[in-house]
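A.B. asks: Residues per chain are reported as follows:
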Amino acid sequence: MNVTIVDYNSGNISSVINSFKEAAKDKVSIEVTSDLNKIRTSDKVVLPGQGSFKSCVEALNSINGLVDTLNEFAITNKKPLLGICVGLQMFADIGYEETETKGLGWISGKVYKIDSQNGKFKLPHIGWNELNIIKESKIFKGIKNNSHMYFVHSYELIPEDRSVVSATTEYSSNIVCSIEKENIFGTQFHPEKSDKIGLKIIDNFINL
Amino acid sequence: MLKNRIIPCLDVKNGRVVKGINFVDLKDAGDPVEQAKIYSNGGADEICFLDITASNENRDTIYEVVDKTSKKCFVPLTVGGGVRSVEDINKLLNCGADKVSINTAAVQNVKVVEDSSRKFGSQCIVVAIDAKRNNDGWEIFTHGGRNPTGINALEFASKMEKCGAGELLVTSMDKDGTQSGYDIELMQKISSRVNIPVIASGGVGTLDHLVEGIKSGASAVLAASIFHYGTYSINEAKQYLASKDIPVRI
Numbered sequence: 003m004n005v006t007i008v009d010y011n012s013g014n015i016s017s018v019i020n021s022f023k024e025a026a027k028d029k030v031s032i033e034v035t036s037d038l039n040k041i042r043t044s045d046k047v048v049l050p051g052q053g054s055f056k057s058c059v060e061a062l063n064s065i066n067g068l069v070d071t072l073n074e075f076a077i078t079n080k081k082p083l084l085g086i087c088v089g090l091q092m093f094a095d096i097g098y099e100e101t102e103t104k105g106l107g108w109i110s111g112k113v114y115k116i117d118s119q120n121g122k123f124k125l126p127h128i129g130w131n132e133l134n135i136i137k138e139s140k141i142f143k144g145i146k147n148n149s150h151m152y153f154v155h156s157y158e159l160i161p162e163d164r165s166v167v168s169a170t171t172e173y174s175s176n177i178v179c180s181i182e183k184e185n186i187f188g189t190q191f192h193p194e195k196s197d198k199i200g201l202k203i204i205d206n207f208i209n210l
Numbered sequence: 032m033l034k035n036r037i038i039p040c041l042d043v044k045n046g047r048v049v050k051g052i053n054f055v056d057l058k059d060a061g062d063p064v065e066q067a068k069i070y071s072n073g074g075a076d077e078i079c080f081l082d083i084t085a086s087n088e089n090r091d092t093i094y095e096v097v098d099k100t101s102k103k104c105f106v107p108l109t110v111g112g113g114v115r116s117v118e119d120i121n122k123l124l125n126c127g128a129d130k131v132s133i134n135t136a137a138v139q140n141v142k143v144v145e146d147s148s149r150k151f152g153s154q155c156i157v158v159a160i161d162a163k164r165n166n167d168g169w170e171i172f173t174h175g176g177r178n179p180t181g182i183n184a185l186e187f188a189s190k191m192e193k194c195g196a197g198e199l200l201v202t203s204m205d206k207d208g209t210q211s212g213y214d215i216e217l218m219q220k221i222s223s224r225v226n227i228p229v230i231a232s233g234g235v236g237t238l239d240h241l242v243e244g245i246k247s248g249a250s251a252v253l254a255a256s257i258f259h260y261g262t263y264s265i266n267e268a269k270q271y272l273a274s275k276d277i278p279v280r281i
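Heads up: the protein sequence lines correspond to chains A and B, in order.
Mapping to our numbering: the first sequence position 142 is 144, numbers consecutive.
Mapping to our numbering: the second sequence position 10 is 41, numbers consecutive.
Derived by calculation from the structure, the hints in this document are not laboratory data.
Glycine included, every Cβ here is placed at the ideal spot set by N, Cα and C.
Any given hint could be a false lead.
When the alpha-carbon atoms are kept at most 30 Å apart in a straight line, the in silico DSSO-like pairs for lysine-lysine are as follows [claimed, not checked]:
(1) A:K29 - B:K102
(2) A:K140 - B:K103
(3) A:K27 - B:K68
Chain A residues, not near chain B, derived (Cβ > 12 Å throughout) [stated by the list, open to error]:
(4) K29
(5) D37
(6) V69
(7) I77
(8) S110
(9) K112
(10) F142
(11) I160
(12) E184
This is chain B alone, in the form it adopts within the complex (with noise of 0.2 Å):
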């Protein structure tokens, strides 16, 4: 039977770990190799960094990290955060990354989407969608949630699908550094409406908020604050989802 993942995420600015509060007000807190070999031994499914500055300073520090947790990490391997392009992708890939998650350029440009997993397979492409509710819905931002875009994010998941997306990684705006838990009715909708994996992402504060996560019918649930301030560990989490019934990899 196919397992749950947990997916703990590491925030990553100029080569060092951070975690935003609401994507701002960071903290510097530690090395980013290290946190993802913490994270691996500790029975982490998949790691994921997100370059959250890279839209707009000098993102040559991620391919070191990349390059170097690679070599350290035998997990799956998710890189995000200023990705503009095809060669941007073919890059991270290179470094060792296994997969690449797109957000501002995939809703800029599709073709970025098309062309990547045509070139490298839908397995290696995440789209990352940063939603916000509005008065019909949820409106989907780019540039680490600064810009609003105005389109739906609903029938933006469905788009991304048709194009080659592997997964979704869905980020609620609203939620994102609240640690009141998902948005339910976010992941609900989107998870039955496509038939690609959801990641669940953005409020986890507790142990039954990744329970719930699963629960909406995402595939995969992540987090970054309550395993990078050592809150639980991932163990713990894991622990606590099979208690639950939910199927984990423990």
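Chain A on its own, in the form it takes in the complex (with noise of 0.2 Å):
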């Protein structure tokens, strides 16, 4: 079995690198490269993201042929893809960080700045907040309810049917934290940075 990390130089990936290679456990292989052939013929993809919507889809879109593959992986082959942070918001239509920009289209939706109430909410949302599952999911097996995760975020996706939400987080309003539709999962939060809890969730995607 192997994963593969998709690197289109959206930011720091280091520590996702590193977490999954530390839940892997030398069991299964973690590819890191934005190498075509490999993305489609590997078990499983994680789509990580830093920075903003607007830079990681270009930076998508600046490797030829990368997100035709991402399709043909995640929507005609239905293959697992974990989308982290921007890589989960990307699934949406539109993301409107610094301006009007078209996502992956996989989750019909949009990606709001979340609304800080004029100042009473401080931005970037960091640090630990609890996970509200709302549905289960294969990604949560073994997590508690109110589970601490690490989140850094100004946007939030907010999808069109909350069928696909699995868990919420409050900060402002009940925020979208985590997303499973069939085979496409995302996290908001970093589960990478999550301590042992966010591995367990690594662990789950990666044993799916």
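Hey, can you piece these two chains together into the complex? The hints should help.
C.D. replies: As structure tokens, this is what we get:
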């Protein structure tokens, strides 16, 4: 079995790599690449993302054929894919960070700035917040409700169909913090930075 | 509900942990990787490495420390000290740092903050402000607290927010190393002025000081000595904060 972390110049992915290698414990091979063939033949794909929605989408588009390969992997072949942070946000149709930017369109919805309520809620939303699990998700196996996860973001995905939402977290409103739609998984929080519970979520994804 | 963070800071020199009193008079005390691991196992919400003498010395040791630590600690790791350029930030992030704190370079050249936050995202850019009281407020110091700048700390905090800083790490030079508590007025003034999270630093001697830090409006409290010398464990600190109705991750 192999898991591929897509390396598309989306910012700092060393923590994602370290945590997947830790969870995989040499039993599963973890590849870090932008090679389309390797992504295509991989069993599972991880799509990280840091920085702005716009910069991540641009970075994806700058690698010729990458978006098509991801579409083929996740939509046509329905193989498991996990998006982390902006990786999850890019599932949406449109994002509004910096400027209006088209996303992958896998989950109908849009990505808006979190309402700071006139400065009452500081942005970015940085730190440990509680997971409110609202739907069973395969990546939450063995994860207790109200577990703490590490967040760093200022934008949130608002999906049209709430049934894809597996967990929310409370900050200004009930923010979508995890998605499961068939073979497509996403976390707004950073499992790679969420200590042992985060590693368990990564382990769950690896063992799907 | 978002929890308030407790961040132990490890001052690192030549790859070893030290802790300064008022930024001088250093004592050697331990391996940073092991220290960081103890803290993360003990419930630290983040770990901070400050390469204190990096401005003057060969700093390649810090990259090795960051690389080793990030393979063992799975909580956020902030690294600061001697960060001069976008390239330095890139190198630290590639070694496994999650955030980089910028002090002197942010004062000397705001473009470093603007360019790095654009390139890597605001979430990984922390601006460290070392402030000392003067007649009309607080003045910023650079180079590990050695050089006065004449710049007003409150105005500088707002400027850094505009330039793309994701967080501000505010250290009181007057309080640092004294164990007499944070400069609460400074923390209040900066926290209420900016809409990005503020990390309070400098002066913690008791657990009540941590409570005061959070009540001043800071999102996170940073401390070195009380944890480093084992006066309190991270867990004791968190239990105490929780007993004072301050939301923490336990």
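A.B. asks: Does each hint hold? Answer for all of them.
C.D. replies: To see whether the hints hold, each was checked on the structure:
1. Between the alpha carbons of K29 of chain A and K102 of chain B the distance comes to roughly 17 Å, so the proposed pair stays at or under 30 Å and holds.
2. About 26 Å separates the Cα atoms of K140 of chain A and K103 of chain B, which keeps this hinted pair within 30 Å; it holds.
3. Straight-line distance between C-alpha atoms of K27 of chain A and K68 of chain B comes to about 18 Å, which keeps the hinted pair within the 30 Å bound.
4. At the 12 Å boundary, the C-beta of K29 of chain A stays outside the reach of chain B, the nearest C-beta of that chain being 17 Å off.
5. No beta-carbon of chain B is positioned within 12 Å of the beta-carbon of D37 of chain A; the least distance is around 20 Å.
6. Non-interface call for V69 of chain A relative to chain B: holds, since the shortest CB-CB distance, roughly 21 Å, exceeds 12 Å.
7. Residue placement check: I77 of chain A keeps its beta carbon more than 12 Å from all beta carbons of chain B (closest about 27 Å).
8. The non-interface label for S110 of chain A is consistent with chain B: the shortest C-beta to C-beta separation is roughly 26 Å, beyond 12 Å.
9. Distance check for K112 of chain A against chain B: the nearest CB is about 20 Å away, which clears 12 Å, and the non-interface claim stands.
10. At roughly 18 Å, the least C-beta separation between F142 of chain A and chain B is larger than 12 Å, which holds for a residue marked as non-interface.
11. No Cβ of chain B approaches the Cβ of I160 of chain A within 12 Å, the least distance being about 19 Å, so the stated non-interface status holds.
12. Once the 12 Å rule is applied to beta carbons, E184 of chain A is consistent with being away from chain B; the minimum gap is 28 Å.
The structure shown violates none of the earlier numbered hints.
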